[in-house]
Amino acid sequence: MTQSVLRVGVAGAAGKVGQAICAGVEEASDLVLAGRADPALGTALADILGDCDVVVDFTRPDTALDNAIACVAAGVHVVIGTTGFDPEPLRERRGPGNAFLAPNFAIGAVLMMRFAVEASHLMAKAEIVELHHDAKLDKPSGTAKRTSELMDGDVPIHSVRLPGLVAHQEVILGDVGQTLTIRHDSTDRTSFVPGVLLAVRRVADQGEPLVVGLEQLLFPPAA
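When the letters of the sequence shown are read in order and numbered with the numbering used here, they come out as residues 1 to 223.
Since the hints were made in silico from the structure, they are not lab data.
As the structure is a computational prediction, the values presented were derived from the model and not from experiment.
For every residue, glycine included, the Cβ atom is placed at its ideal position computed from N, Cα and C.
When the alpha-carbon atoms are kept at most 20 Å apart in a straight line, the in silico DMTMM-like pairs for lysine to aspartate or glutamate are as follows:
hint, residue 1, residue 2
1, K145, E127
2, K136, D185
3, K139, E127
4, K16, D62
5, K16, E26
6, K125, E149
7, K145, E88
8, K16, D134
9, K145, E170
10, K136, D62
11, K139, D62
12, K136, D86
13, K145, E215
14, K125, D154
15, K139, E149
16, K125, D152
17, K139, D86
18, K145, D185
19, K16, D185
20, K136, D38
21, K145, D134
22, K145, D86
23, K125, D175
24, K16, D188
25, K16, E27
26, K145, D62
27, K139, E170
28, K139, D185
29, K136, D188
30, K139, D154
31, K145, E118
32, K16, D38
33, K16, D138
34, K136, E170
35, K125, E170
Each pair of labels, with its calculated beta carbon distance range:
hint, residue 1, residue 2, range
36, Q178, D62, 39 to 45 Å
37, G207, A73, 17 to 23 Å
38, S159, G108, 19 to 25 Å
39, E118, R93, 30 to 36 Å
40, A40, D138, 19 to 25 Å
Generate the whole structure from the sequences, applying the supplied hints.
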């Protein structure tokens, strides 16, 4: 019989994004919050793993890979929002669980990236300015790096870290006598919740050990 309710654990549950994800899971009728892991709560990932079908990881770059490996080895799928680490080891099948990673789970940010990629095919040059809160550990952001990788040409990235910011990115494209600016702003961390929950619901059926980018779910390649 198909399981109707997914048991979801959150690693990094005491952080600002983690708290928003926990609230989003609790509000969803098809999900149940099975555990919260965070050093600030005195709870390790291993303490909740056995109770979960899927773990959402918003932790730190130095712990996210080990967390993901532990999840997939235990047969627990993992949805990763942490950036600043190399996820390539997860492409090898390390257990029955799948891993899904997105540099940005805000749907508007994915649209911004998609529009920027399309514009880069037609405009001469581009640069990226990404702006985040001053507690963000990685620089440049995963979103900016992913955008640059997908765009045509060499696209430099400029990083800003200031209190009062959440997550913002501008892609500025230039050509003869004109510029085009494409900008996305996350003014609240709840902007990430719909994308995270979409990935939570889809990660078990993705087929590959690792899938990167929310665009893979929003704009799946034609069969």
